[in-house]
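J.: Using the sequences and the hints, build the whole thing.
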Amino acid sequence: MKTTLPALILLALALPLAVGFQPRANSVTPKVVDAANAFLATLSDADRSKCTFGFASSQRTGWSNLPTGIFHRNGLRLGDMTPQQHAAVLKLVAAALSREGYQKVTDIMNGDEVLKNAGGGRTGGRPGGGLRFGLDEYYIALLGTPSATTPWMIQFGGHHLAINVTVVGANSVMTPSLPAAQPAKYILNGQTIRPLGHENDKGFALINALNAAQLKRAVLNYSVTDLVLGPGTDGKVIQPEGIPASELDASQQALLLDIAHEWVGILNDEAANAKMAEIKAGLPQTYFAWSGDTKNGGLAYYRIQGPTLLIEYAPQQGDLEHIHTIYRDPTNDYGAKLVR
Amino acid sequence: MMNLLRRLLLFAWLATIAPANAHRLDEYLQATRISVDLARVDLEIDLTPGVALASKVFSWIDTNRDGEISNAEGEAYAQEMLRWVVLKVDGWPVPITLVDANFPPFREMSLGMGTIRLRATARVPAAAAGRHQVSFLNMHRPESSVYLVNALVPANPRLQFADQRRDFAQHGLTLDYTVTADSPPDRTLALLVALAMAGSLFLRHRHALARVKINSATLHKENHT
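Respectively, the protein sequence lines represent chains A and B. The first sequence: position 88 = 88 (the numbering used here), numbered continuously. Just add 1000 to wherever you are in the second sequence, counting from 1, and you've got the numbering used here.
Sample of chain A residues facing chain B (criterion: CB under 8 Å; computed from the structure):
id, residue
1, TYR222
2, SER223
3, VAL224
4, THR225
5, ASP226
6, VAL228
7, ILE238
8, GLN239
9, GLU241
10, GLN317
Hints listed in this document are in silico derivations from the structure and should not be mistaken for laboratory results. All values derive from a computational prediction rather than experimental measurement. For glycine and all other residues, C-beta sits at the position ideal for the given N, C-alpha and C.
T.: Structure below.
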């Protein structure tokens, strides 16, 4: 008995190593659930009913990048919240996203405030009479009950931003989402901010890494002036175009994955890593298409499309200071694969 | 008088709108998605006038100038728009039928964010196995428009898309595709179903024969007792 007990303890300790020890399946979901419940606890009954919806309600697809005044967002408006509620919302968004993702969201929102202060959205000299946007005009809505087991969803968005995070147990997905920017570059507290600067620069880095034959495949011979699958086109899958990643070398493929990570990596690291592995597995069937100038600083549209991925980067109306993008998964928008 | 008042209010309101620099200005975005199947081609056409064009586009549609788009005006505009669309299958023009037309409120349109959604379809003779081609051309209001046109991945696994060709401005798209014969799994399935039915009939027949034999044997036995 004296010898068997230590042996059993050793065996118990060694067993996980022998079967390939996995770290805890998910450490993010409980934090996100806690943050959501902490936010809900700050609300009155009336406010809670204003910002909570059934998981399967039509609110799920009711998102947009358009400003208030033209698109009616349901949920609670940041500008109407107490400081405590405001902080709780941002804490929830931060819990669901990565550090870089949260920074990107913050940069987009600050950019919108810059746009507002520059005079956008005013009508007849009356601020707020028409389009309304800026920091106060972002909304939060929760669909379903925050849970570590059953599906629920966080919708956070406003002008130039729509983040849809569906949480299903240990998994979370962030498709569809629309990060955009106007202006594309601004100065805040003495720092130059480019909310989608990496998306621009990495796109140009890849197109310039292609040889002549690859360029011929990748560059579309027509102009693309907008997102093809923007808001309101859920469930649509277009025929892929451009160069397949199977025709890129390893370093070019790495550049392609790095671009995709700019969108995928907005979500928390655990979920983003899983998504990146999935994208990598589908790389041979993934296409990169480009339209426009190939010199950084020029006007260009690009698209990455694979079995479980669609990314579009589209300057609007020839304006380098106004960028729209979309991030979708044709197989798993709103967590369709996980929600049975 | 009411109409005049409504129009004046409309124009007064329009005049208060500063160019919303966040949104489409002087372009009419015409985005088309094409779905191809064996015996039909469906078109989803989304039309979004920019801020500077909104009143002009609205006036094309609101022909009685009462400040509203009636069903009849909406349908008339949709039909007019479709007259500028040419759809061909294997080189032959095919008639396009309007299925649905949705118009946003003028307020949305005037801000450069209202989208007119037209849905149309063309019935075509069922495509036989082999190579085919569909071509689409949209020449509606080219003076002020930008275009997008894309083919949706076919839902029917018998269709395989090949080359896509467009002009620079995306007025048109020509798409080559192949229709395969009924897929082998379908044939296999049909064969299995036929075999199962034949087997079932055979078993039933055998069972019936056995019952007849038993009955006659029982009868024979009863006769002897």
